[in-house]
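Order-wise, the sequence lines are chains A, B and C.
With the working numbering applied, the first sequence corresponds to residues 1015 to 1341, in that order.
With the working numbering applied, the second sequence corresponds to residues 11 to 340, in that order.
With the working numbering applied, the third sequence corresponds to residues 56 to 364, in that order.
None of these hints come from the bench; they were simulated from the model.
Treat the hints with caution; some may be incorrect.
Residues of chain B clear of chain A, computed beta-carbon distances all greater than 10 Å [claimed, not checked]: (1) E75; (2) G80; (3) K87; (4) Q109; (5) E141; (6) S166; (7) Q169; (8) S266.
Computed cross-link-like contacts, DSS-like style, restricted to lysine-lysine with a CA-CA straight-line distance of at most 30 Å [to be verified]: (9) A:K1138 with C:K107; (10) B:K182 with B:K314; (11) A:K1120 with C:K271.
Values in this document were obtained by computation on a predicted structure and should not be read as measured data.
Note that beta-carbon positions come from the ideal geometry of N, C-alpha and C, so glycine has one too.
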Amino acid sequence: MTPLVSIQGLSVAFSGVPVLRGVDLALGKGEALGLVGESGSGKSVTWLAALGLLPRHAKVAGSVRLDGREILGAPAATLDQVRGGRIAMIFQDPASALNPVLTIRKQLCEALALHRDLSGEAVKAEALRLLNLVGIPDAARRLSAFPHEFSGGQVQRIMIAMAFAGNPDLLIADEPTTALDATIQAQILELLATIRREMGMAMVLISHDLGVVAENCERVAVMYAGRIVEQAPANQLFADPVHPYAQGLIGALPPLDGPRRRLTAIPGTVPDPAHMPSGCAFAPRCSLAAEPCGAAAPTLAPIADDRAVACIRAEASRRALLGIAAE
Amino acid sequence: MSAPLVEVSSISRSYAMRSGMFGRATAVHAVDGVSLTIPKGETLGLVGESGSGKSTTGRIVLGLEPPDRGEVRFEGKPVAALGTQAWRAQRARMQMIFQDPLGALDRRLQVGTQIREPLDIHGLGTPAEREDRVRDLLRAVELTPAHGARYPGALSGGQRQRIVLARALATKPDFLVCDEPVSALDVSIQAQVVNLLCDLQAQLSLTLLFISHDLRVVRQISNTVAVMYLGRIVEIGSADDLFARPEHPYTQALVSASPAPGRRSAGRMVLAGDPPNPAARSQGCAFHPRCPRAIARCASEVPKLSSVGGGRQVACHLVTGPQARTQDAA
Amino acid sequence: MGRYFAIRIGRAALTILLVVTFAFIVLRLSGDPALMILGPEAPPEVLAAFRKAWGLDDPIWYQYLDYFGAIAKGELGRSMRDGRPAIELVLERIPATLALTLPAFAFKVALGIPAGIYAALHRGSAIDRAVMMTAVAGFTVPSFVLALLLVLIFAVQLGWLPSGGQDSWRHAILPIATLSLGGAAVLARFTRSAMLEVLGQPYIRTASAKGVPWRKVVTSHALPNAAIPTVTILGFMVGSLIAGAVVVESVFAWPGVGRLLVVAVANRDLAVVQCILLLVALTMVTSNLIVDFLYGFLDPRLRAKGVHA
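All chains should be built: construct the whole structure from the sequences, respecting the hints.
And the structure:
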């Protein structure tokens, strides 16, 4: 079966500095994939590049196929059909994601007019239906309001309505709840899950929050310094992370219940993209690093069904983890 | 339990806010009758969403803002008014760190100079001693003396927060207010700073007021946790116990909303409604419009924060006394 | 909305009051009109009579109150030089000034705004760099230098155009060119930076991400937002329609309000100077009011928040 989207060897450089260094990723129809990693790891850039949304000075190479058709470097008209129509995207900061001088109606109807064969009253009716769907109270009246008249959570609902306007096959949600309060985050995630189920839509959830990804995705890819370092079904990744970085991320998360333990912080900081270490980018921070780690960057290799990891010390890492668990 | 270092007794603070074009100024109760006690050497965590009044509480405790009513005592003495000689003397022993380290640092000054600044201001030690102290402080926050010669722009977010921490510790304070100190940091860096804070607290027997929206981080570092909603404390108790068995429906919702790896979202308690608006607080319990368990009484009567046993205090009509608690547990 | 404008109109009135007061004091302190107009050779009796006739021997606070009393009655005084009402002298010069500033304004807008938008959309391109270099040159070179340069090239060297005077439309070309070039440069830079700022906003990315074609992203999402800061500078330009040509009028011997002002200041012809300043302050303040109104129209956020500003 052809995957819905398949990304191969995607790389991005900003004025000569590589920020994405060969990403391979495939996504099936209706699947929910989580993309985790720290700031600068390239999780957002991957999808902005795939959709041609990066500034012009970004150098993008590789391949992005939608239903087997190449969309990287496709003509503007093709991309405009894909964006919003096949793949929609919502962003982190709801307050600045909507145009402040245009009404909600205008921004919603714009998306509808672009991707749906609707006109006149039908557009308005559909806009209203969408607003109701995402739970904006008093939607009919609120259509003529401006973005600043809504709370952050409501604006994110409107963004979601706009994303669904084109009936896309895939929604890229880029840190959709990071700027929101905890109880509102829960609302938005539930809303996303519900609508996604109803529409059978695939989703990529980009987040720095492991918990958010774990709860809302079937499969997770962990990114570090512009590469995917581990890919696994969500439950397996969190129960049994293999890549030392994935282990580090999970160990750095304070538990909410059970006994308190000292956090296993990953020492050091993310490498500067302009001065990448040779070999494995994580090696300088890795407690298991050995000499060969500095020689060549490890490739993402399968270790089990549906699991892959980019680490030459994967076996050692797994043993180390099991050893700790056995204690 | 040792003697309290900081005692906050029913402080309130409201601001005038005008709403709409011809709107009359309405009083927004940012903090409304908050009482807290922080024993020496312990950490009190203050959690809540935006608009809950947790940051205002922190500023009042430090004397940066006067309370309209109520009082803050530091070592049994009232916190002096802002800008007075007594306040400056007290301030050397109470420090604060914020969420945004870059905003708290001067981009044009070497960070070492900025760490020394409080020593200069308070006239502590000879110039040579101050230089030594700066080096010690840099080591204490796990940086090297060489970092002192850098400018804030040349440091990473985690390093900047360490610099801010070093500066706060320069005057050897007894009490530190941390307002969302790790919220802007990546998970792995966040863990470094949290560990560092825990270590320093143990070494220097610091007393902390730790303000954050992140339940996990708060639990990791706090002995006691207070949950705020629209300017009031709705629940307070020991950190482990509070998150394991939240009593107040709002705390339950918060804990339930905190996602966890290895748990699916099924059975999550999702609150309806928007985040609370401090300018439009409801009658009765401020939480009742969003509360799934609200009864008629909640709309008319403000619940008092009262003990339910086990060191826990809850402000909810549905949670009353130790009996209710055992029933719930059964 | 009413309150929003009441505050702004109040502020405008205060601005005018301050401008007039300041001019009054400076002009009175910096020289004696009697001496300036009658000359140092004039006999003391004549000087005294002149001062008495114009009220110059009254205490300064009395003159000040008297002046405002007159303004309140709609009298702006008479020129001390030829006794004609100051307002008449000023009004008859306005058409000449507008003959320069209005076409110049049109050129500034027609050149500056498209150049700025184009430069922003093609940031880093050769055309962007050319526009920016011209713009920097345009507003670092003082207008009298530019004026002299143009005279040197087109009047002296090439002999295509007259170097001064007001006899035909050809006389207006160089002054208008001088005024337009500087203004267009300022406008191009402002428009460019406003556009760049807006193009970097997340909502532009949102629009692209929902499949809006780039041309439409620019026209219906970026331009309405970039218009907000650009209106400020346009307002300033409208405000200087009357008084913005002082230097150019002097260089090109163009008999407009600007030249009248220069002459009146030199002569300490108080009523005329004050009349011009009042007029200038009025146009400035009015254009500011229009800008404020346009803000409210262009930016829905201000409609609600304006009260607090």
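Now the hints, each set against the structure:
Even its closest Cβ contact with chain A, about 23 Å, leaves B:E75 beyond 10 Å, as expected for a residue assigned away from the interface. Every beta carbon of chain A lies more than 10 Å from that of B:G80, the smallest distance being close to 27 Å; the non-interface claim holds. Consistency note on B:K87: stated as away from chain A, and its beta-carbon is indeed over 10 Å from all of that chain's, at 34 Å minimum. Separation of B:Q109 from chain A is adequate, the least Cβ-Cβ distance of about 13 Å exceeding the 10 Å criterion.
Chain A leaves B:E141 outside its interface by the beta-carbon criterion, the shortest separation being 27 Å against a cut-off of 10 Å. B:S166, annotated as away from the interface, has a beta carbon of chain A within 10 Å; the closest lies near 5 Å. The Cβ of B:Q169 does not lie farther than 10 Å from every Cβ of chain A; its closest approach is about 8 Å, which violates its non-interface assignment. Non-interface call for B:S266 relative to chain A: violated, since the shortest CB-CB distance, roughly 7 Å, does not exceed 10 Å.
The suggested pairing of A:K1138 with C:K107 is violated, with an alpha-carbon distance near 77 Å, which exceeds 30 Å. For a cut-off of 30 Å, the pair hint linking B:K182 to B:K314 is broken: about 38 Å separates their Cα positions. As the CA atoms of A:K1120 and C:K271 are separated by approximately 13 Å, the hinted pair is consistent with the 30 Å bound.
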